[in-house]
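Colleague: Residues per chain, in single letters:
Number of protein chains: 2
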Amino acid sequence: MDSALKIGIAGLGTVGAALAATLAERADYLAELCGRRIEVTAVSARDRNRRRGVDLSASEWFDDPVKLAREAEIDVFVELIGGDDDPAHAAVRTALARGCHVVTANKALLARHGVELARIAEENGVILNFEAAVAGGIPAVKVMRESLTGNRVRRVFGILNGTCNYILTTMEREGISFDECLAEAQRLGYAEADPTFDIGGHDTAHKLAILTSLAFGTEIAADDIYLEGIENISIEDIRAAADLGYRIKLLGVAQRTDTGIEQRVHPTMVPVSSEIAQVDGVTNAVAVEADVLGELMLSGPGAGGEATASAVMGDIADIAKSRPGAQRVPALGTPADRLAPYERARMRSHEGGYFIRLSVEDKAGVFASIAARMAENGISLESIVQRSRDHTVRARPQTVVLVTHATMEAAVRKAVAAITSEGYVLGTAQVIRIERPIVD
Amino acid sequence: MDSALKIGIAGLGTVGAALAATLAERADYLAELCGRRIEVTAVSARDRNRRRGVDLSASEWFDDPVKLAREAEIDVFVELIGGDDDPAHAAVRTALARGCHVVTANKALLARHGVELARIAEENGVILNFEAAVAGGIPAVKVMRESLTGNRVRRVFGILNGTCNYILTTMEREGISFDECLAEAQRLGYAEADPTFDIGGHDTAHKLAILTSLAFGTEIAADDIYLEGIENISIEDIRAAADLGYRIKLLGVAQRTDTGIEQRVHPTMVPVSSEIAQVDGVTNAVAVEADVLGELMLSGPGAGGEATASAVMGDIADIAKSRPGAQRVPALGTPADRLAPYERARMRSHEGGYFIRLSVEDKAGVFASIAARMAENGISLESIVQRSRDHTVRARPQTVVLVTHATMEAAVRKAVAAITSEGYVLGTAQVIRIERPIVD
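As they're listed, the protein sequences go chains A and B.
All residue numbers in the first sequence are consecutive under numbering that gives the first Met the number 0, ending with 439.
All residue numbers in the second sequence are consecutive under numbering that gives the first Met the number 0, ending with 439.
Quick caveat, the hints were computed from the structure, so don't treat them as lab data.
A hint or two may mislead.
Okay, derived cross-link-like pairs now, DSBU-like style, lysine-lysine, Cα gap no bigger than 35 Å in a straight line [as the list claims (entries may be wrong)]:
(1) K320/A - K413/B
(2) K5/A - K66/B
(3) K66/A - K320/B
(4) K362/B - K320/B
(5) K66/B - K413/B
Negatives, chain B to chain A, calculated, CB over 10 Å [stated by the list, open to error]:
(6) R25
(7) E145
(8) L292
(9) S348
(10) E381
The beta-carbon is built from N, C-alpha and C at its ideal position, and this holds for glycine as well.
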């Protein structure tokens, strides 16, 4: 058997502690599968004295993760610190530059510095693995950068945030409001005290930026993402979607178009009979459409200490099975110096179906006016439904729900602006894009 | 750039031709991703003069695939001949023994000779890749043997045969009989003229045998599989299942139990709200439950020339990216000499829910008798429903549908035998096992 693979872990939160415990508990089993032992020889965290349920006394302790990355006697640096800045950034750069392999679960770091880090890894002939950074335990990174090699991807999309999916699933299942759901999610630990990062779609955007690069061989462009969160999704939207045979999911979507690559994160209506519509609760999913392979979907746990630790363990095992310095799998699938610049397709030219829900005054001519404004903008309708809660009472607000055939976003925006300017719309028009699992 | 990776392809049917065409068409792109060119330098097939839509004139032609494997100047031997016997078996052995990597899509060969071939590959320090052999384009093999490294698998199950899934989906969707569906599937090319191998579950069993070995680190035991095909599933079963909130799928299931590992292929009722119930038509799916990761599901194209060629291309790209002779990923996940003997758990001790549909004479006491026989065998019922098609006509056969709570297969068999011996059952009792996507 070869000499042991020495691991340094920086960051001993839920994931780091689960990883250290698992590596220790099944050390013999892993050695059998990998042909060499995997040993945690160095660790770093903020508080040395915190109880973590795992004995780390045999590992060298570092207060400073960058010092660990620079000085510890290790083959692999595992970064579980988090954040797109130092010390995570400095530690990963330092480890790669001195010829250590790196495994990280840090999506924010990769979304911002992924191309730079991939380049440093390739220049130094070491592996940069980050399976846990996208969709937690789902092996989306490996599948995209290894299994799909040679395919041209048309679209990749996914449910990439468990908090949002839990909230949307629970709103539908229990018929309760967004605010009630969020409070429950916070109580259960599925949502942070400040939930903005999740429900605003920022977390999904980080993961999507990485997937886009893997899918299309482009540089990571995390700031060039159209972003809409789920905070304005109401129980009325969910009910209207269900009536029409759809479910609402927060999707991250990247798609090749004639004018560039779309990257967008927004609430999306998907047909209730599609596989992705059945992805419930905190479960995540990644779907990809590739020209040779066809359509592939992966679903599983997108977060959680154990699932994330499993992905990190798989990344470490890949390194243990490979020859040192022999790495030819580029971190982002395409070698860093061959990545194409990202060309952004504008949302104005996005093409798809739209769901539009309007609350309008109950007066003659409103329905006809709405239909006329849509027609003037060249939008053909799949359905238009007018509803009032109580037919016995007149002069109450009426709800009008429109579903368009595939059309241009610019046209929808113009039509909605024209309708709004007529003065009979109460509140704001709700517009939700429809995503079909299969692009026609 | 390193020297080109030389490929020999034996077998130029749909998959082989699609593979050769794709490798030629995107040669530059693959070279960029893999760091070396991939060149088809030798080919073999039965008929040299058949038109295949791809120019193979630059490749050396061999009439005999074993001769190609033995003599051609190649780094990788791609076996697309099929069959568990010679020449496929001899050719793969020959190639591995002389130090060539092998990529194969041949499930029958692996189900029968997989352990032997894995051993030869490991002894010679070469790679044996077979992603296309299980569930076509779905990267189940890579995920099982690489991403899940270190996990203990509890259960793996899947929809592994597109023909069966197409038939079951179409029966439900169009309300037509098994025979009508099979005829349509044959017309569309989704089923063979002799469909026994598919609809009898044998093809699923081959794939399951490979998955079991990958999941549990055991020797392949393709003959130790409980097997039931879909030929006795009627439209009445599908309707009764739908009424109860289930869909019928042909699943291959391998599961660790107290008495060994169950391997079984049979029609299965899955909850209609589960992800796997939404896997329609010729699409395949593989689901796995692992102790650290949790539950993961992959779905995608299980067959077809292009999807299969994509999986083979991914296997070749993995080899192109690796150092020659540096392979430490064992073909079956666990090194061949460490594979545990397969210990079979008997179907009699299988535990789960059961759906039982009986056609009975319409006379007093039948319902009570059925309930009594179930109770005597310690079986508790989730539901029992008696139906007649036409309530105005008496003395017609009645249908009784029972759904049991989790119980032992032996008890169900005993109860059904007791009920049948009462004399009021018309025809044969239909018994279908229920599979829950999450094991409680």
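Colleague: Does each hint fit the structure? Answer for all of them.
Modeller: Hint check results:
no.	hint	result
1	K320/A - K413/B	51 Å, violated
2	K5/A - K66/B	45 Å, violated
3	K66/A - K320/B	32 Å, holds
4	K362/B - K320/B	72 Å, violated
5	K66/B - K413/B	56 Å, violated
6	R25	6 Å, violated
7	E145	6 Å, violated
8	L292	4 Å, violated
9	S348	27 Å, holds
10	E381	22 Å, holds
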